[in-house]
Every structure is written in structure tokens, then in C-alpha cells.
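Protein chains: 2
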Amino acid sequence: MYSIDVCLTPELLHLYPVEGKTVVVVDILRATSVMTTAIAHGIKEIIPVKTIAECKDLKDAGYLAAAERNGEMQEGFDFGNSPFSYMVDEIRGKSLAITTTNGTVAIKSSEEAAEIIIGSFLNISSVKNYILDNPNDILILCAGWKGRVNLEDTLFAGALIEMLRDDFELNHDGALIAHSIYINAGDDKLKFLHGCSHFKRLAKLNIQKDIEFCLEHDVYDVVPIVKEGKIIEVGELVPIK
Amino acid sequence: MYSIDVCLTPELLHLYPVEGKTVVVVDILRATSVMTTAIAHGIKEIIPVKTIAECKDLKDAGYLAAAERNGEMQEGFDFGNSPFSYMVDEIRGKSLAITTTNGTVAIKSSEEAAEIIIGSFLNISSVKNYILDNPNDILILCAGWKGRVNLEDTLFAGALIEMLRDDFELNHDGALIAHSIYINAGDDKLKFLHGCSHFKRLAKLNIQKDIEFCLEHDVYDVVPIVKEGKIIEVGELVPIK
Chain A
12 MYSIDVCLTP
22 ELLHLYPVEG
32 KTVVVVDILR
42 ATSVMTTAIA
52 HGIKEIIPVK
62 TIAECKDLKD
72 AGYLAAAERN
82 GEMQEGFDFG
92 NSPFSYMVDE
102 IRGKSLAITT
112 TNGTVAIKSS
122 EEAAEIIIGS
132 FLNISSVKNY
142 ILDNPNDILI
152 LCAGWKGRVN
162 LEDTLFAGAL
172 IEMLRDDFEL
182 NHDGALIAHS
192 IYINAGDDKL
202 KFLHGCSHFK
212 RLAKLNIQKD
222 IEFCLEHDVY
232 DVVPIVKEGK
242 IIEVGELVPI
252 K
Chain B
12 MYSIDVCLTP
22 ELLHLYPVEG
32 KTVVVVDILR
42 ATSVMTTAIA
52 HGIKEIIPVK
62 TIAECKDLKD
72 AGYLAAAERN
82 GEMQEGFDFG
92 NSPFSYMVDE
102 IRGKSLAITT
112 TNGTVAIKSS
122 EEAAEIIIGS
132 FLNISSVKNY
142 ILDNPNDILI
152 LCAGWKGRVN
162 LEDTLFAGAL
172 IEMLRDDFEL
182 NHDGALIAHS
192 IYINAGDDKL
202 KFLHGCSHFK
212 RLAKLNIQKD
222 IEFCLEHDVY
232 DVVPIVKEGK
242 IIEVGELVPI
252 K
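So the sequence lines, in the order shown, correspond to chains A and B.
Whatever position you read off the first sequence (first residue = 1), add 11 for this note's numbering.
Whatever position you read off the second sequence (first residue = 1), add 11 for this note's numbering.
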């Protein structure tokens with residue numbers, strides 16, 4: 012039986028070997044929610060980069076470019092980190108470079124994995140189905156906040172574990188902690204997350220609408236996957252029958 | 012209002028500044044449970060050291076000495092990491108050097124704190140009362156397992172937070188995660204921890220009795236505290252009135 016574990020922050024990733032595993036990267040507020048949204052709305056590919064400078068270089072080379080730090084869009088870029096800004100026809104077929112405070116760091120840190128999937132509540136059932144169809148040892152990597160743990164990514168990890176627990180071995184403490192958080196949270200995620208630090212950070216930026224959207228389940232049926240440094244829809248990998 | 016936070020493993024401690032704070036170090040299975048027990052049974056002082064070699068040096072200098080790695084007592088020492096071995100008259104008034112897989116590392120890592128307290132379920136109410144009498148910003152430092160998070164230390168952090176939450180600000184995600192674990196665990200800690208990895212590791216070593224003891228509340232009314240590299244009972248600090 013394959014196993015499932017959770018790494019609560021990229022800062023601990025050196026203790027959780029990823030080689031041969033399927034890594035599900037999650038940054039609920041908001042990087043992986045944004046990536047899921049952008050892919051669902053027809054973006055061809057997303058190039059996650061670590062620094063603002065790299066992102067600027069790609070913008071200069073003709074890419075659409077998104078840069079966020081501390082929850083705020085950076086000057087001189089096309090997009091920040093709000094999923095709603097990607098719900099437009101103009102992005103269809105385009106390439107997007109993106110750098111965010113935590114999410115893109117998590118993706119770049121797991122490059123040794125056999126497979127990297129982008130997870131969010133917006134596509135949680137699609138991710139679950141993909142994993143059941145392509146079983147492997149799973150590591151859910153929470154992006155956290157600047158190396159620290161956070162509540163919303165841990166909650167997502169627990170929700171995905173709840174969907175997979177009948178088919179995967181569940182005996183690692185990171186996974187048990189996340190699952191326990193999910194069980195305790197109950198149905199009202201917004202209420203549960205009300206005290207958490209990033210929630211407060213974003214509330215100050217007046218993006219309550221973003222938060223509520225990022226907590227919705229199964230808005231999109233897409234599985235963004237990282238291939239050769241680019242995030243694409245997994246369906247793009249297989250020839251059309 | 013003072014705040015309370017939880018660092019889920021010493022591996023993340025560089026992200027949680029300890030200067031000026033009161034750090035509660037916890038390694039439920041079994042280092043801080045053992046230290047609490049030894050102090051309650053009359054040990055004069057405990058010197059936590061990182062390496063087996065340092066511990067051996069102190070043994071050669073006349074100290075009682077305890078060394079544990081991976082749950083097992085190391086050869087050539089007086090004690091391992093079972094609380095029951097400290098329930099003897101022979102330890103009264105003696106000095107003990109100790110090194111364990113995780114617990115002593117956590118203590119040595121928080122040396123910059125204003126105050127370091129040794130916490131366990133065995134003395135949880137005494138720790139709570141001491142904190143209420145000596146209010147400060149609190150960081151509960153879970154010893155974890157070789158840098159990874161663990162369930163039993165996180166559960167203790169949540170239990171202590173439950174006792175302190177009316178008097179401290181509770182808005183850091185590490186603290187919210189720990190508290191949520193405690194709420195979800197319910198009353199049967201043994202059942203809740205049944206799946207966790209260190210529980211299984213120790214069960215193999217046939218020390219179920221140790222585990223059950225380490226989960227009991229308020230067996231002892233002592234507050235071990237670290238002063239100048241030594242763990243002593245906090246009562247030893249103040250002159251007898």
C-alpha cells in the first residue's frame with residue numbers, strides 16, 4: 012500500500028525525501044488557487060520562478076507576468092495573486108511567469124519528485140481522482156508562510172487525506188496532524204480559519220472575496236502538473252484519442 | 012496581552028525568536044516526562060547535553076548519567092529514558108547528566124530564551140500555574156522526532172494552550188494547529204495517539220507502561236526550569252521564607 016505524508020512547510024522538506032514520490036504542492040491563500048484558476052481559464056503554461064528579477068526577465072521576453080510579495084501585487088507586472096484577475100479571455104493560450112511569497116518557492120523546492128501536482132480546494136476532487144488513477148507514495152507539501160507552518164494549507168492537506176485515507180497508509184505524524192485539523196475544522200472553513208495569521212494579513216488588504224473563493228470545493232476540473240519547470244494541465248500530456 | 016505560540020520542531024526554531032520569551036520545552040515520549048519525574052523524586056539537578064560523548068565525560072566525572080538514542084538506553088550508562096527507573100531513593104540529592112534523541116537538543120537550542128521550563132503532562136497544571144504567576148510571551152517548543160513534527164508533543168502544546176487561552180493572545184498558526192489537535196483528540200489520548208509513529212516505535216520496544224504513564228495529568232507538582240545550563244526545581248531558586 013502506498014503511503015501519504017504531509018510536510019508542513021518547505022523549511023522541513025530536507026527531512027522528507029521526495030525522490031520517486033508524487034508531491035502535491037498547496038498554497039491555498041493564494042498561489043496554487045491562482046494557478047488552478049489560470050489553467051482552468053485557458054492559460055497554456057505557467058513558469059514558477061523564485062525571484063522578482065527572474066519574473067521581470069520573462070516579462071521582458073514577452074510572457075504575461077505575475078508577482079506577489081506579502082500579499083500585494085508588485086509594481087510593473089500584469090497580475091498579482093488574485094484568482095479573479097485570471098478569469099478573463101485575454102489569458103487563453105498565453106504563457107505566464109509567476110513569483111509569489113511562498114507558493115513558487117515550494118514548487119521549486121520539490122523538483123526532485125517523480126511528479127509535482129498543484130492542489131487547491133478549487134480542484135481537490137480532480138487531484139484526488141488523478142492520484143487514485145496514478146497511485147504512488149504521496150507527499151503533500153504545504154507552502155506555509157515564510158518557512159513557518161500555516162493553518163489553511165494544513166487544512167487542505169487534511170481534506171485531501173480524508174478523500175484518500177481508504178487507499179493509502181496513514182501513519183506519519185505530519186499526515187495525522189493535518190487530518191486531525193480537518194476533522195476538527197468541520198464544515199465552516201471560513202469560521203475555522205478566522206483566527207489564522209494569513210487570514211488577518213489578507214483581510215487587511217481587503218480581499219475577503221478572494222479568501223472565500225479560494226475555500227470553495229471543486230470549482231474546476233483541472234489537474235495542473237509541473238513538467239520540465241512549467242505548469243500545464245495534465246490533459247496536455249496525453250495525445251487526444 | 013502576552014501571546015502564545017508553538018514551534019512544532021526545533022528545526023523551525025530559527026523562525027521563532029526566543030529572546031525575551033518563556034520557552035516551554037516538551038518531549039512527551041519521554042525526555043521531559045523523565046526530567047519531571049526525576050526532579051519530583053529528588054534529583055538535585057539535571058545537565059542536558061547534546062552528545063553521548065559529553066554525557067560519558069560527565070559520568071566519568073562522577074555524575075549519574077542517562078543516554079537514550081532511538082528509544083533505547085545506551086550501553087555504559089546508569090539510566091535510559093524510562094520514567095520508572097527514576098522512582099528510586101538512590102537519586103535523591105544527586106546530579107544527573109542526560110542526552111536523548113530529541114529532548115535535550117530542544118533544550119540546548121533555546122538557550123537564548125529569558126526562561127526555559129520543562130513541560131510534560133505529568134506537571135502540566137504546575138507549568139500552567141507558574142506561567143500565570145510569571146506572565147510573559149510564551150513559545151512552546153515541541154522536540155519532535157529528528158527534526159520532524161510529532162503528534163504527542165503537538166497534543167501537549169494544545170492542552171497547555173487550552174489552559175492558558177483566556178489569558179493569552181492566541182493568533183499564531185502554530186498555536187492554532189496545536190489547539191485544534193487537542194480539541195479533536197478528546198479525552199482518550201492513548202487512543203488518539205495510537206497511529207502515531209513514535210508510539211509504534213516505542214511499542215516495539217515493549218514500553219507501553221511508560222507511554223501510559225507519560226500521558227497522565229498532574230502526577231507531580233514540580234516546575235523544572237533551566238538555569239545556567241542546569242535543570243532544577245523552580246522552588247530551589249527562591250529562598251525559603
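To be clear, the hints were calculated from the coordinates, so they are not data collected in a lab.
Where hints are given, some of them may not hold.
It does not matter which identical chain is used: a pair holds within one copy or between any two.
Okay, derived cross-link-like pairs now, DSS-like style, lysine-lysine, Cα gap no bigger than 30 Å in a straight line [unchecked claim]:
#	residue 1	residue 2
1	Lys215	Lys70
2	Lys215	Lys241
3	Lys202	Lys55
4	Lys55	Lys211
5	Lys119	Lys157
6	Lys202	Lys139
7	Lys157	Lys61
8	Lys70	Lys139
9	Lys202	Lys238
10	Lys215	Lys55
11	Lys119	Lys215
(request) Against the earlier hints, flag every one the structure doesn't satisfy and list their numbers going up. (result) Structure breaks hints 2, 3, 4, 8, 9 and 10.
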